[in-house]
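Q: In case you want the letters, here they are:
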Amino acid sequence: MTAEQGLFLCAAAFTLASAVMVVSARRLIHAALWLIAVLSGVAILYALLQASFLVVVQVVIYIGAIAVLFIFAIMLTRRQTDHDAPSRWTRRAPAFLISLLTLGALSGIVLAFPEAGRLPPPMPPDLDAVNALGAALLSPTGAAAYAGVLFHESYVLPFEVASVLLLAALVGAIYLATTERRRRES
Amino acid sequence: MNFWNDPLHFLAEQLTAMLSRWGLPTAWITFIEFFLGAMALIVFAMVLDIGLVWVERKVVARFQDRLGPNRLGPFGLFQPVADIIKMVIKEDITPATADKFLYNLAPVLAAVAVIALWAILPLASTIYGADLNVGLLYVIAAGALGTLAVLIAGWASRNKFALLGAFRMVASLISYEIPMVIVLLVPTLLAGTMSLRGIAEAQRSIWFALLSPLACLIFLISAIAELGRAPFDLHEAESEIVAGYHIEYSGMKFGWFYAAELLHAFTFGGLLAILFFGGYTGFFGLEKLPAFIWLDNPFVQAAVFLAKAMVGYWVIMWVKYSLPRVRIDHLLAFNWKFLTPLALVVLVSTAILHRALMEAPRWQYGMALWLANLVIAWITIEILRAQARRQRRHQRAASQRQQTAQEQTV
Amino acid sequence: MMDWLLWILPLPPLLAFMLILLVTHRSHAWSHGLATGAAALSWLGSMVLFIRALMIEHLGQHPLESNINWLPSGTSWLQIGVSLDPLSAVTLFFVAWTVLAIFIYSIGYHNFGQPRGDHDQPGLPPHGATVTDADGHRCIVPSVEPMYARFFAFISLFAFGMYLLVVSNNLLTLFIGWEIMGLCSYLLIGFWYGKPSARDAAIKAFITTRVGDMFLLLGMAWLYTVSGSLSFRVIFSAENLRALATTVTPVFGLSAAGLIGLLCFLGTAGKSAQWPLHVWLPDAMEGPTPVSAMIHAATMVSAGVYLALRMFPLLSLDSRALTVVAFVGAFTALFAATIALAQNDIKRVLAYSTISQLGYMVAAVGIGAYVAAAFHLVTHAFFKALLFLGAGSVIHGMEHGALHSGEHVDVQDMFQMGGLRQRMPVTFWTFLIGGLALSGFPLITAGFWSKDEILAEAYAHGHYAVFLTLAAAAFLTAFYTMRQITLTFLGQPRTQAAAHAHETPRTMTVPLLTLAFFAITAGWVGIPEHFPLLGGLLPNWFHEFVASTSSEASAKAPFHWTPLLISLGVALGGLWLGWLVYRKVGAPAQDKLQIPVLKNRWYCDTLYSILFVRPSTWLAEHFVSRFLDQGILDGILHGVARLSLVLGHALRNYVDAPIINGLIGDGTGATVKASGSALRRMQSGRVQSYMTASLGMLFIVAVLYLGLRRLF
Amino acid sequence: MSIPLSWYLFLAAALFCTGLYGALSRRNAIAILLGVELMLNAVNVNLIAFWRYLDLRPNDPAPMNGQAFAVIVFAVAAAEVAVGLALILSVYRRRKTVAADEVNLLKW
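Chains as they are written, first to last, in this note's numbering: chain U, 1 to 186; chain R, 1001 to 1410; chain W, 2001 to 2712; chain A, 3001 to 3108.
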């Protein structure tokens, strides 16, 4: 058992434990904060996977934006969400069952997956992941533009679509959030 | 490699040699070294912080035409120590209804968020905690942590003022992060990297502040907002919400917030220096001259950097103590309707010129960028003036209407 | 640089279209400013491309090309791209000129700057506005088109489609442009949708061309399945052509190449109105005249021929296919020419002449005279655009006169005109040039050279039938052209309107002059080498330039005395005869050629309405509605109803009331009610329970599936 | 370099199912969204793990499929949260509740 494995196990345990807290914490604000713990745990996993860019993005977007949004919403609906009354077992039991089944199914798939046991290949020595990712996302010729080798790996269209989706979400959120009265005023 | 050229690695090697002589496994050695490095960094930051307390108090005094602390030690140099003692011996209250864990977590988080920034600040070309290739993003991430701290503090202390303060803080933080991120892209663009060290190195010939003064200005403004200092300190507006999110905090917990704020301000001074004023590098490639070769010595570089950071910090203080507080809606309107569009314009123009003039001679490149900024600034001012004129006209019309109405009634 | 230019060439008109529709549709000046500006930009780009294309060596063998990946499809990418070869270069040339000229012309034609009409409304042509001038006279002047901005938006979109079609290097984008133009044609023919005739014409055009497009689409699909790509380079690569030529299809034992070629040719027939799909073009004259000029004379109908030229390498692989094409073309040429003899509407005459000229080109393609077809395509585009714009100018002048004199005349009826020579000199001279070019007046006009080349080719390749048909058509062409000119411009005014007609504004005359210039000079680039005297004065670069596109086309333009003399004879003879006959004719009554069969266009429309329209309506009306619906179905229903009524009575009294109601009915009702109130708990309106249920179902299904797979 | 791919996959599966349980069992709409976030993160862990283990090939200089996917998932997650929370807030404003089972206008 090497140091890396130990690190992974710690991170995994931390992440899973926090995840369990997220779904079980009574106080929503705690749940949200546990979510942040989960997110940082996942960030650590990214670091273990040597995806440094995504580590930071995870922190910026998830912790910095999404989690804060959650906390904000929780605070705005404070009266309701101070305590989330435990739902009846009639609700929890089937949910638990379903989740267990899903877990079983997924594990079965993983076990059946031939590549499951493989170890990571060495990182390409001269891989500038950030630039490569940028090229893959933004240049019509894909990472080819960056690496000078031609293989079809361009995500311009999906990326643009995603940005449009974000814009739409923005507009929709603003529209939903403004009250009728304010809308009539402006 | 000797101590004077590359102190950190020198020390590290010495330590490695020693520890391996003791026969520790390499993994442990690296762990110990990193741990010691982190400790050293934190200690350095904290000591600096103590100094900052004194600086702040003195400078404030001068701004407000007072003497400031002058009893304890020469120039009241020991005043901060007294402050710390006072804070430590004060009663440490935790409100009964507060959310204990979070309430105690918040100040720590606040301090951590700031100290985390120091992990990537390059004091000199060879003295830095880590040289991330996504350094700038890291800065933003740390800022997000700060937001979180404020939010938790406000929520956990179960006090309506605290919650209000937290709301205001988060509102301003989230909104001002946008122009900040946008203008952070300008140095990234000019230097072609996100690592702070790379950006500093890229300015050996000319500071980015000269290539894109507008970006520098916008960064300064949004930095002040990010710090939540006057004129953007609505989250602790004494006159409205008593002390904002740290209303319930006392003793050393408050001390943490206080220290965090000071260090944060100084850190942003440092960031300003790195991003726009060449950081630890000398002045316009002066160090290339044989006479000034000593400028490249890490210790000199560190001194230069700290001096620049101090200047930035001083400017921030200057703004804080000379401007009145703005209203919350003005704050947000200023950001969304003015700063963000301006930042976008600056970014786009810089990007276009940068791409167009890549092969052009450096001086043309520089002049073009500089002139572009000038033109943008001029247009902006013209627009603002036109709007102001329109507003004045409306006001005049309104007042006249009122007058006529009164006359009719009379 | 050139790739880049090729890519952005079609975009300005599209941009103009969007801007006009979204932003500037309120302001007339802005709208036509945007449209013409965009047209000018594309014009500039086309000129640059054209000149650069001339400079490049062996452009034909190695056309400029650039592709981008458009959509990922499995492992490969669906590529779209642009290319520039001699054919598209020359097409670009005339498209750019005509489009620009017509954009500018439209400004004047739609009375920009005139006051709004008194009772104009959108969807109807402007009726004129009463104004009181300085000294208090109330007079009626033409009023501005109510839907001014919309018109420019539409033609901008159309220009986009045309440019797209020309620059695209694959059938897919070509087809996109093709359909965009179809749409624009529909919109613009029905531009004055207030007039029922315009509505019908629009629908007719749309449906008729759609028939052709259907086949074109079929051809494309087949081509894709066979050669796995729609890019011309891939399609016309040698091995692919060989494969296509060798595979034999079940249809008439044609080769795949021939069959696909014919399918595409049907598309052409639809677009450029070849018999039997020609019926829509004359009705398309319901649209505003610039539309007729641009879409239905100069560019869009040329697109069909352009496609035919593009598909030439395919067609030329199968002689039978070529023959079909040749005969359809030649027949159309003659057929349409005969109809044109008896038309009185100035625009309809031109419409039919267009059809017949397109017939010429198609016939040229059919006899393998690739270059001649392209040549005639270019020259025809110029002089036909000129003629239509001239006609529009005449109509405009007549309207002006009619408004002035206040009498109600059909301003498009040639018998109401006459003597316009003095009133509208510029229009007259330009129209005369166009007419001469159309009828192939020797040596000076462009039409002569191109038409003569087609005839020469036909003769040289020994297609004597085609040759004679075309020659006859040429004679008729010259005849009705002269008839038109005589009736319209010469002699004395026959109506007050004609007497008070008025020369049109400069925005209309300048395009006329420009096009007139090309109507003359466009021919001088294609003078055959062996032509007496003139031959060799100017290099026949057009031939060399375009011939390099397709290997099949013969490199040198043939020359014989026979076809030359014949074409000289028919042209001059026709002109002379036309003048001789119609010098004195003043009213339709005196016109000998007003014979019903021609007047009614060989009863084509009647035939179609008998063959297709009436039967379908009859089927709908009598068979489906009366017989099936009301007769059988209703009958059955009534029978059943009556039967059930009787049955019902019986059942009710003896079965229903006592047994069903008493026992089962209420019992069931009670049970249903109980079970319903029990079941309704299921639908709780809770998202989560639904989600749980669905996931559970998923698992059950999965388990069943796997278990069953185990079993069997 | 000593962790087999399966570890990551199992972890992701567990995370996903935890999130699923949360999304199914919580009453509070915001809590449900929290569960959904967990699931999304699990997906991202999978994507990155696949990128690291299967996508990186020695001959290819810079294969970025996995990371690109992850980035797009980020964008989608952000959009989902923005709209979801806005919806919850407007529901709260009208009905003064955010309990998912009290918002049941679709009920018989």
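Rather than coming from a laboratory, the hints here were simulated on the basis of the structure. Note that beta-carbon positions come from the ideal geometry of N, C-alpha and C, so glycine has one too. Please note that a few of the clues may not be correct.
[Unchecked claim] Some but not every residue of chain U turned toward chain R, in silico, with C-beta under 8 Å:
no., residue
1, Leu-9
2, Val-20
3, Ile-63
4, Phe-72
5, Gly-134
6, Leu-157
7, Val-161
[Said to hold, decoys possible] Some, not all, of what chain W presents toward chain U, calculated at C-beta under 10 Å:
no., residue
8, Thr-2036
9, Gly-2037
10, Ala-2040
11, Met-2682
12, Gln-2683
13, Arg-2686
14, Gln-2688
15, Thr-2692
16, Ala-2693
17, Val-2701
18, Tyr-2705
[Said to hold, decoys possible] Listing some non-contacts, in silico: residues in chain W with all C-beta distances to chain U over 10 Å:
no., residue
19, Trp-2007
20, Asn-2069
21, Val-2279
22, Arg-2583
23, Ser-2689
Q: Hint numbers the structure violates, sorted upward?
A: 1, 2, 5, 6, 7, 8, 9, 10, 11, 12, 17, 18, 20, 23
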